[in-house]
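Peer 1: Sequence:
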Amino acid sequence: MHNHIQEWVKKKIIKILKQDASLSTHKITKRTLIPQTTVLNRIKKLKRLGIINKFTIDLNYKKLDQKAKALIFTKVNIGKEKEQFGKIGTIEKTLLKHPNVLNVKRLMGEWDFVLEIVCKDIDDLNQFLIKEVRSINSVIETKTVVVLEEWT
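Here the sequence shown is numbered in this note's numbering, starting from 35 and rising by one per residue.
Hint data in this document are derived by calculation from the structure and do not stem from the laboratory. C-beta: ideal position from N, C-alpha, C; glycine also. Check each hint, because a few of them may be wrong.
[Stated by the list, open to error] With a straight-line cut-off of 20 Å between C-alpha atoms, the simulated EDC-like cross-links for lysine to aspartate or glutamate are: (1) Lys109 to Glu166; (2) Lys154 to Glu144; (3) Lys127 to Glu184; (4) Lys97 to Asp158; (5) Lys165 to Asp155; (6) Lys177 to Glu150; (7) Lys101 to Glu175.
[As the list claims (entries may be wrong)] Computed beta-carbon distance windows for the label pairs: (8) Leu130 to Pro69: 25 to 31 Å; (9) Asp92 to Ile112: 16 to 22 Å; (10) Thr176 to Asp54: 33 to 39 Å; (11) Lys44 to Ile164: 22 to 28 Å; (12) Ile39 to Ile91: 39 to 45 Å; (13) Pro69 to Lys165: 50 to 56 Å; (14) Ser58 to Lys165: 21 to 27 Å; (15) Asn171 to Ile85: 34 to 40 Å; (16) Lys44 to Gln161: 23 to 29 Å; (17) Asn37 to Thr128: 23 to 29 Å.
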């Protein structure tokens with residue numbers, strides 16, 4: 035029974051933090067009725083175990099003048115990628131440093147990875163695609179999908 039309660043506490047705290055990672059342990063306690071020391075200790079344990087990697091923010095990019103969001107599916111020539119960069123994943127890590135890139139995911143299937151990006155407008159998106167992605171020698175194909183609306 036004790037493990038069941040611990041699992042419930044863990045799930046409850048994670049659910050609250052997913053909704054608003056800025057909440058203090060005091061506010062989490064008020065919402066869940068879990069004692070504050072338990073909340074604090076559980077969060078520390080979740081971080082130590084690598085279940086919680088980081089606390090982040092959810093930005094409204096449109097208010098930051100980033101009105102276009104897109105997914106760029108990308109194929110690479112693995113031989114050229116290794117020849118040029120030495121290790122698979124280096125292209126993704128390099129692109130992730132670009133201020134327009136929100137995240138990069140390595141894929142299994144038709145595409146090698148996908149970039150989620152935000153840009154000022156479609157022209158800015160096109161320039162990013164040409165200058166930052168298609169200019170990489172080992173990139174052999176891209177497919178861009180513009181995001182119209184999203185729910186989180």
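Peer 1: Enumerate the violated hints, using their earlier numbering and listing them in ascending order.
Peer 2: Hints 2, 3, 7, 8, 9, 11, 12, 14, 16, 17 are the ones this structure does not satisfy, whereas the remaining hints hold.
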